[in-house]
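Chain residues, written in single-letter form:
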Amino acid sequence: MFHDAALVAGKDLRVELRSKVTLQQVAPFAVLMLILFGVALDPDRGVLRRASSGLFWVAVLFCALLAIQRAFTIESADGGRDALRLSGLDPAGIFLGKAAAIAVQLIGLEIVLAAGVIVMYGTEVTGWPLLAATCAAATVGLAAAGTLYGVLAAGLRVRETLLPILLLPVLSPVLIGATKAFEAALGGAPADGWPWCGLLVIFALLYVAAGTLAFGPLLEES
Amino acid sequence: MSAHPASTSSSASRALGVLSLGGLALLLGYALVWSPADVVQGDAVRIMYVHVPTAIVAFAACGITSLASAMWLRKRSEGWWVLGGAAAEVGLVFTGLCLVTGSIWGRPTWGTYWDWDPRITSTTLLFVLLVGYLALRQVDNERGDAAQRGMRGAVVGLLLVPNVAIVHYSVDWWRSLHQPATITRLDPTIEGTMLFTLVLGIAVFSVVYVWLLLHRFRVGWLEERAGDRGIDQALIDRRAEAGVGSGGSQ
Chain A
1 MFHDAALVAG KDLRVELRSK VTLQQVAPFA VLMLILFGVA LDPDRGVLRR ASSGLFWVAV
61 LFCALLAIQR AFTIESADGG RDALRLSGLD PAGIFLGKAA AIAVQLIGLE IVLAAGVIVM
121 YGTEVTGWPL LAATCAAATV GLAAAGTLYG VLAAGLRVRE TLLPILLLPV LSPVLIGATK
181 AFEAALGGAP ADGWPWCGLL VIFALLYVAA GTLAFGPLLE ES
Chain B
223 MSAHPASTSS SASRALGVLS LGGLALLLGY ALVWSPADVV QGDAVRIMYV HVPTAIVAFA
283 ACGITSLASA MWLRKRSEGW WVLGGAAAEV GLVFTGLCLV TGSIWGRPTW GTYWDWDPRI
343 TSTTLLFVLL VGYLALRQVD NERGDAAQRG MRGAVVGLLL VPNVAIVHYS VDWWRSLHQP
403 ATITRLDPTI EGTMLFTLVL GIAVFSVVYV WLLLHRFRVG WLEERAGDRG IDQALIDRRA
463 EAGVGSGGSQ
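Protein chains in written order, with this note's numbering: chain A, 1 to 222; chain B, 223 to 472.
Be a bit skeptical, because a hint or two may be false.
Computed, partial: chain A to chain B, Cβ under 10 Å [as the list claims (entries may be wrong)]:
#1 T161
#2 I176
#3 A214
#4 L218
#5 E221
Derived, one-sided and incomplete: chain B residues facing chain A with beta-carbon distance under 8 Å [unchecked claim]:
#6 L351
#7 G354
#8 L356
Hints in this document: simulated from the structure, not taken from any laboratory.
Note that the structure is a prediction, hence the values are computed from the model and not measured.
By construction, the Cβ of each residue, glycine as well, lies at the ideal position given by its N, Cα and C atoms.
Looking at chain A on its own, in the form it has when it is part of the complex (with noise of 0.2 Å):
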């Protein structure tokens, strides 16, 4: 199972290296997200430093929106999808796989997100363990649901917009502890923010149990 993870993992991350589109593409419009809610949000009453945690991870849920949708484009074109299904990988490990690739990327974006936060909003961070934890936590919580929830769609003529849907109300739970998190972490009592990170963990652990016994009979039928 492990094993045609990593292999779909390195398929999709090759797709991504060699197609560019989440560095030419996803991460722009991240940083743009980033200076549209300085303009709309006035920069110099300090609301910018004061809502930095929920607008950073409201970009992230945005950018992974389109890092979701992307994943299973390029399954789309010439039969992918059948060829995933005749390959006889491990369906587990193609979601693992699809889903660590998401997470890789999404991983990326964080990271650019949280410099452009650091440097445009002019926020302090306090914990830096709660801050890696809480992303990595989150960013597995957005990977697994999303996958999960991508292949549903997959197969669907309205697919780009039937998921945000069906997505962002799941995802709710991952957006109140990932900003109540990184409140506790960017400026905040580290300390407040561990429970916090332990629900994107529970998130997390509930939708990478759903999508292994899932994803099988939902790529069979897509």
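Once you've looked at the hints, dock chain B against the given chain A.
Then chain B, alone, in the frame of chain A:
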């Protein structure tokens, strides 16, 4: 059910209908006339006799959808698929009613139609989750196959209860850190006529839900049959066409 039913009612659903209407009339009497006004909330408390039951039914509807989805995964029978959709659709109406009545109650009591109260927030997210589930059921995939449609709907339907639970829990925790409950919602020592009216409301709205669910289920079932008949008719037409075509060439 006969092959050409004229309506979706049966003796059971007619009995439920009568019970629903009678119950609603009785509830109206108790809620508006026979129960006293609240000491703190005044007459606004009467909205609670609709608001609380719709909330309970809305969350129960999620449970029915998840249960029906689990049963579909086990049995793969069309009935469970139709039930999941019917429960969610009627549940969506009750969720909407719950939000609207809550808003109407909030205006005189809190002075605002909307507050970032944990229950409002999680009920609104429940509303969106149900909308998403129903939207997913509506769309056909590129190859338009019932088994594919069923599997997708069943997975999202099954995840409805864990999603609602984790959303509810996280929103609750999120808000409780900000502000302790500023207003006592329902008086915890509610008793007498008010308690009776509330329990009556819950019972009546449960019956109304089951009544609507039964009809919606039958409509859904007939829709499936109509879809099948459409396919059969298309096959017959195509065969006739082919027959005429080959006849003409001879």
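Looking back at the numbered hints, which does the structure fail to meet, lowest number first? Number 8 only.
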